[in-house]
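The task is to assemble the complex, starting from two chains supplied on their own in separate frames and drawing on the hints.
So you can see what is in the structure, the chains are spelled out below.
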Amino acid sequence: MRFTHLIYLLYFFIFLNCKNSKVELSKIEASQIQVTDSLNIDASLEAFIAPYRNHIQKDLDSVISYATDTYSKTDGELNTAIGNLMADIAYKQANPVFLKRTGKNIDMVLLNYGGIRSILPKGNITKGTAFKMMPFENSIVIAAIKGNQVNDLVNYLIKAKKSHPISKLKIVIDKNNVLTEAKIKDQNIIADKTYYVATNDYLYQGGDGMTFFKPNDSLYTLDYKIRNTLIDYFMKTDTINPIRDDRFIQTK
Amino acid sequence: MKRRDFIQQASVGTALISLGGLGLQSFSTINNSKKITILHTNDVHSHIDAFSPDDPRNPNQGGVARRATLIESIRKENPNTLLLDAGDIFQGTPYFNYYGGELEFKLMSKLKYDAATIGNHDYDNGIEGLYAQLPHAEFDFISSNYDFSNTIMDTHTKPYKIFKKDGISIGVFGLGIELNGLVTPANFKETKYLDPIEVSQDMTRLLKEEKGCDLIICLSHLGYDYGDHSSKVSDIKLAKATENIDLIIGGHTHTFLSKPTIVKNKADKNTLVNQVGCYGINVGRIDFYFDTNKNKSANGVSITV
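Residue numbers (the working numbering), protein chains in the order written: chain A, 1 to 252; chain B, 1001 to 1305.
Pulled out of the complex, with its shape left as it was, chain B reads as follows (with noise of 0.2 Å):
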């Protein structure tokens, strides 16, 4: 066949496909449908046990040994899983003191966590206490807007990890708090804060432009919401000021959620914020279903919440 005749062919099946309707549609929707799994938690501050029976306020909650049970089982339903942190791993219980967050990384890479962001109380026994634990994390740290490179982090964090799940790509990049004022400077040493929506713009450029994401994911430590006289970034701040994020993963101001709020970002479209309070009492789980089915563009994404 010559090139001509080719171009000419290829042209009339074309033609033809987008003539064929139905049947040629149902052909690419047969086993097309894929579901990732996103199964998050914050602030557990180093509570690897429950609650005791006679504590006032959470008994017989959390608890990473019946964590480990949950996670394990929506794994077998769903091996399209992701399990982030969004960081205050440290401090809350003896298990830090004595331990120095040893026991909380080996744990959670026993529950195989994918990613975590670093929070304000990570810093508690200085950054070189954060450096220290790192052998015993099997899981990366994800942090965009801490600028590590004058401290002994340098190197050991990411800026965005890009996941494959089910030939899906799951870009994630996390975002800090302001630390001074909040961590004395001794512990967070020339760790640089930089501008969170600032550097959100550049991470969204990069992870749904270049990098082809399908689903981008943000784990902040910036806070829930300050209202809209603070001057503080929020997550909800941050979803408005920015696009292509589907998810904000939050923590820092243990807020207990009772489902995401669905946000409207720069685009007019919608942005999922979460975070399911501390102490690991609550995992969040949020699942994406993806289609090569159109009929996206005419119905939009539906959200159960």
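So here's chain A without its partners, still in its complex pose (with noise of 0.2 Å):
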């Protein structure tokens, strides 16, 4: 063998020594780039965008009905008018509902104070203004529950002495916070009678702590969402407002 012979050997080698090398990690860079206004806007990309904003916000624009006063979840301490307003369009809305689909009423209603995302305020009522109050995606569920579960429900709103939205509901607390009527649609409650709870599907599922929707002897789901039981009351009513009454309060 010659030494030509070696040398286009070695570069043989050489060649599959390259191919076959695996190639190694051996730096890694990490960066987080900030989406600003100083990156400029793709206008293809822009121009592809704008009829679906425009169909959405001529929309959401559209005036479904006028408030009479601004409203807020704060304006109270144990019950508020845009609180009471929305449990009651819950009653209002999904009652018919629920008893075309099963020959029973809601019983009563219960909400929660977290789920009012913003003030109703006075003026023009838009589709928008649903959005802002409840712009997440809950629906209405009602839970088949004993009237001893609907105790532990007023024990609760009596210790968390917050103005969860409640409707066919009444609570009256003593001055040392010892409740001292408790009724539902004016009549006692009786501890072994089924009763029909609306709420949402978030609270539910044990949601700010309400662990008394379960066990339950039935679950019925309508398909309904909080936003569009406001939306669907908003357009068929003029004017909007409500009052904070005495459905849960304190005596002196």
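Bear in mind the hints are in silico, worked out from the structure with no lab data behind them. Every residue, glycine too, gets a C-beta built ideally from N, C-alpha and C. Each hint should be verified, as a subset may be incorrect.
[Stated by the list, open to error] Chain A side only, calculated, beta carbon under 8 Å to chain B, not exhaustive: (1) Glu24; (2) Lys27; (3) Asp37.
Structure (structure tokens):
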């Protein structure tokens, strides 16, 4: 074998070596890039989005009712006008659907304070207002629970001392936070009677520590979003003027 | 040349190469440094438009049309780029309520996303709602620990995907969060949640040993960290309990990390965990450099975060 052959062979092996040697990770660099207005807008993408945006904006801006005042969830300790409005709307909108499907009536409604996501401002109410009040997709569910669980619900509300929206339930506590009256549709709560309590799917799952919806005799899902109860109600009601009332009060 | 002679010559050849030292090594490094760029988002939540200038928290931030410009310029700089999303594409603005995620998927396709994993909010219109939007997505959904076999999503997701960029194999797998308690069962139907750590061990074994991937990335919607006392699996927990994952791209907890967290994994090697907040305010960028140079074993992988 001549020396040149060996050279060729050498090249051959060098070549093989290069092919076979696996690449190895040697360095990693990380950074985070903020998407700010210093970046140019991609015009073609912007043009693609525009018709969608315009359609939504037009629909959201359409006036569907009128609020006589500005209502906030912080306007009151145990019940508020805006909370009463939302719970009463849930009852008014969901009960006909429930009655039609099951032949039963909703006994009471419980929503949550945290679920009111914005004020209801004085003036024109648009669909956009409803989206601000309830940006989440939560829907109404109805749990069939026993009176003793309703009593747990009442005790929860007394302990929380927060204006969680309620409808068709009345609670009176004395100055020492002791319950003096608890009624559903003006009737005393009977421990072993079944009550149909409307709430949202978040609370039904135990959200905000509300553990009294389980176990239950049955659960009814209406596929009716809380936001849509608002929109539907606003659309058929000229003027919205809710009040704070005596559904949950503390006597002096 | 007889075979026997060849073998003899061959051993001479290899001996010379190993003795050859510097001259030969310099050959192997010529044009052999490679760079893979990974771009990622998470929890964009239908934030297609930028925040308005009077937004109290994120004025003028985000926006898909700006993200597009950014991604385009990075792709020009390095064509060997992957763009990934860690889930919760849906829900958060009226775009989702009006169009059910159609526009989100269409825009991600225009931005040429390579893959995404599935977040809990992507179930907000039910598993049917997610399925209905799939025709608008020109990218893959990667999910390794959701068993969709009894659902409408069956065969519409991939347990992993291997991307080839400049000869580098990048294995990507995806992890979703436990749906029970987070998503109403009526929405997730018969989606079965499998243990993310066990699934990751299987995935990394497959991608590393069988498929020979050079880089392994986990797209996770598990959440960044729930502390040592929580039984919930987080990205940090996952990183510690597994090996061979180079990067975990996280989501769900909307965690704004100023830089990726470096976690020592089960094999005492580094795994990067990153998450870039939410709403398309940030894009994460990780550049991986590859070399045929064997200096790596002496120096280890240098990480600049």
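Hints broken by the structure, by number, lowest first? none
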